[in-house]
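Chains as they are written, first to last, in the numbering used here: chain A, 1 to 656; chain B, 1 to 154; chain C, 1 to 184.
Hints may contain errors.
What the hints assert, rightly or not - Chain A is faced by these chain C residues, among others (derived, beta-carbon under 10 Å):
| hint | residue |
| --- | --- |
| 1 | Leu6 |
| 2 | Phe12 |
| 3 | Leu13 |
| 4 | Leu18 |
| 5 | Asn24 |
| 6 | Met26 |
Unchecked claim - Okay, derived cross-link-like pairs now, DSSO-like style, lysine-lysine, Cα gap no bigger than 30 Å in a straight line:
| hint | chain 1 | residue 1 | chain 2 | residue 2 |
| --- | --- | --- | --- | --- |
| 7 | A | Lys382 | B | Lys82 |
| 8 | B | Lys82 | C | Lys43 |
| 9 | A | Lys382 | B | Lys107 |
| 10 | B | Lys6 | A | Lys414 |
Rather than coming from a laboratory, the hints here were simulated on the basis of the structure.
Note that the structure is a prediction, hence the values are computed from the model and not measured.
Just so you know, even glycine gets a beta-carbon here, dropped at the ideal spot from N, CA and C.
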Amino acid sequence: MVPELGHFALILALCVAIVQATVPLAGTVWRVPGWIALARPAASAQMLFLVLAFGALVWSFIANDFSVAYVAQNSNSALPLEYRISAVWGGHEGSLLLWGLILGGWTFAVAMFSRRLPDDMVARVIAVMGLISIGFLLFMLLTSNPFDRLVPPAPDGRDLNPLLQDFGLIVHPPMLYMGYVGFSVAFAFAIAALIEGRLDATWARWSRPWTIVAWVFMTFGIALGSWWAYYELGWGGWWFWDPVENASFMPWLIGTALIHSLAVSEKRNTFKNWTVLLAIFAFSLSLLGTFLVRSGVLTSVHAFASDPARGIFILAFLLLVIGGSLALFAWRAPAVKSTGHFQLVARETAMLSGNVLLVVAMGAVLLGTLYPLILDAFALGKISVGPPYFNAVFVPLMAPLLLILGVGPHMRWKQDDAATLLRRYRFVLLVSVVAGILLPLVAYGTVTPGVGLGVALACWVVGGSVVDLGRRVRTSRGLRGVPRSYWGMTTAHAGLAVVVVGVTLTSAYSTESDVRMAPGESLEMAGYTFHFDSVDQVAGPNYDASFGHFRITAADGSQVARLNPEKRIYRVQTMPMTEAGIDGGLFRDLFIAMGEPLGDGAWAVRIYHKPFIAWLWLGAILMGCGGLLAASDRRYRLAVKSAQAATVGPVATAES
Amino acid sequence: MKARHKRIIFVAIAIVGVAVAAALALSALQSNIAYFFSPTQVLAGEAPKGKVFRLGGMVVEGSMARKPGELTVSFAVTDTAKSVTVSYTGILPDLFGEGQGVVTRGKLGSDGVFYAEEVLAKHDESYMPPEVQDAVDKAQKMGVTKPAASGGNY
Amino acid sequence: MKARFLIPLGLFLALAGLFWFVLNQMNRGDYNPRELPSALIDKPAPTFSLPNLHQPDQTIGTPNFLGQVSLFNVWASWCVSCRVEHPFFMELARRNEVPIYGLNYKDERADALRWLDQLGNPYVASAFDFEGRVGIDWGVYGVPETFVVDKAGKIRMRFPGPVTEAIWNRKFAPLIAQLRSEQG
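In isolation and in its complexed conformation, chain A is listed as follows:
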């Protein structure tokens, strides 16, 4: 009964979505206040029905209702409660429902937190989000209904993969979806502005906090996935450039460009067309990622050919949403006039260059992702594009970006003086170059051009921020006078610098080896000695494990850590899993994983020394926190009051 209620709630949500997408929009055209006012209640009703549908599915999982096909495929009566709940998004249909629920949530949030925005603007935004919701609900109801019954019911479920019974993987997909779907708000604002034909600083200001919050979710989601891969896979890798990662990375790159471009549009009333285009792209790439990884066109690994109709459906949906919005753009954009003029040396130029680099980087990722598909489809050969391609393209694109990042955000709007800038930053430049050469040399005894460049650029970014912060503190009212959005920017940029240091050093100085080791043997690596003491057989609750005992000692003989990597065999599914032993630290991780037994008590063992790997996630956290700081700036809370003023024309904000 409950699954049918859930199904019914989905159908009702679709009906509401249709009303939500059409009536308020018609209201803005024919100026009917009653129709316009329908937008907010519709958003709430839609949210209600989606919560009901999602709740029904959760209930089916909790109640072990194996007459529901989706539950039978993804759960088991022996599964602990928390994993039965997370198993709700452990499959295709359920994760789509989560997508829909999150979209409903964002729409509801827009309806709630836009009380002071003009009603017809809100009506348009909510209507556009309703259109997207129609697409997803139709997709669900027509091709991927999570409430389909299994006749006859299964006696028990197929169980959730033990690998998914892990905190990282429970949180990772919802985080990413929050980001993907969050970009729909920026998209809806952009489309609403295009429909209205009024692209001004106001809409940029309205959509900025939403975009930043979505970007923060996405940043955390991606970082979480990377962290999970590192600690759970026993391989030491943290980024693989595979299609699914790329599908989340591309909208992130565009989203990053978008939040910067929005700033220029808001403050300088320029780049408006470009910003709208980025808003469309960011969400389009989220949809495209969904299409690529769910339609089965991309790789055999993720192929899902049981129903090609799904692919056709998503493609049609993409054509409608992306094609429609780009057509709208082509129609409306030529009429938009940018009023903020600027010189070659100005903050606008730096922002524009950074934007172009990010978009080009996205293009390179897209090319690398689609190239195998293109060749395969035209029968030109089966190929794979490996990480070397992405690294070869990415590094030359990111280096100039970081170079700009050191000084660009601190330039004046409109026009700055190159000589003054040079005088102000030459010290930082010098220090960065010296640090880039000396720091690795002192710490590791060698330095390569790549490492020197990475460290120098990171120092440059941080140093530039410090110099500018010092200037601001002196010229404005001390530290308190510095607005929160400025702290946010500085934190996020410092976070990027931290990530760069992490990537550079861990790539260059990691020591890794696969060795054959027997108990009693030891291995020296990177100044540490790894002693393999013994292996026990241990019985866990639902697995048997070979439980390794390792000791790590420093050069002076003192003990650094005791690690216990495991090789588990899960009894029910006879599924082996490697649990790595990691001794984490701010400046290095020591990592031991046991491979396979080689006979005579010896094991194949992987031992890694990974310097600065923690900085990757530390940096990502800083970036996310910077975003949160920026989004919570009081300017946005007051934004609406001064919105009217902002529309008048370029506001003189040369010092902000």
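Given the coordinates of chain A, assemble chains B and C onto it according to the supplied hints.
Below, chains B and C without anything else, positioned relative to chain A:
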């Protein structure tokens, strides 16, 4: 500087930048793609010498041999018609086994042995959400886990 | 100057065109991302002899294929995609289009029999390959897979993944008609 000139400069910078990036991407693509070949194709001389490519097939029963005291392992990969010997030093994925599907990436030596840098075992393909599926794929590649079902599942 | 605003739309439409092309090829079975070159095409089918799923004392083997064009479909009760193609195989069996032999792959006998009881049995007979040995000989990478075997017992086509009506009409039906007209 006139607005018109400025505009031309900006457009020129953008075009040059994009062109450089495109050239970069294409050259990187040229040198970093790996083609897929079957043992039959390799023995027919279709695979490039000295270049990285992928070789896939089934591991021949009874062909797996480890050098005593070392991590180096050799096995034969077949497409049921021909077979090629593969040599690999390192830890094999858990899913790896005789009679199972495997994809290896490496170079063909002058001795006709394929020296693999990477060994990927074939895995379950029953459907999961992409993010999750991806994680499972990675895990299986890296040798952490193997699928519940004993064979591949489209 | 207005044309430049159409550039994004143009780029997107080109991309969409590519996807449409690929999807269309997938639908018709012309393009299959998981297809790997098979060395078995036009070779005699690897010989085997396995117990019949329903009557373990009888055997099924290569001789069953001789003298007729037949399908050899690899399936298992644990395979989700097999459920997808199953109704179509039922339809084929009802239309008496071509004899379908099954290879029950790495399955439990009881599970397999229950599966056929519940969903129907389109197979003339199913061979029970508990250990998956025959699957290895035939180069089976995953389940489901479908082979077309001609009158002389040679493999003429291998199709990995579920068979749909569209794929059948496009890839199987013409080949089978052609094979039937061959001298054999």
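Quick check: which numbered hints come out false for this structure?
none
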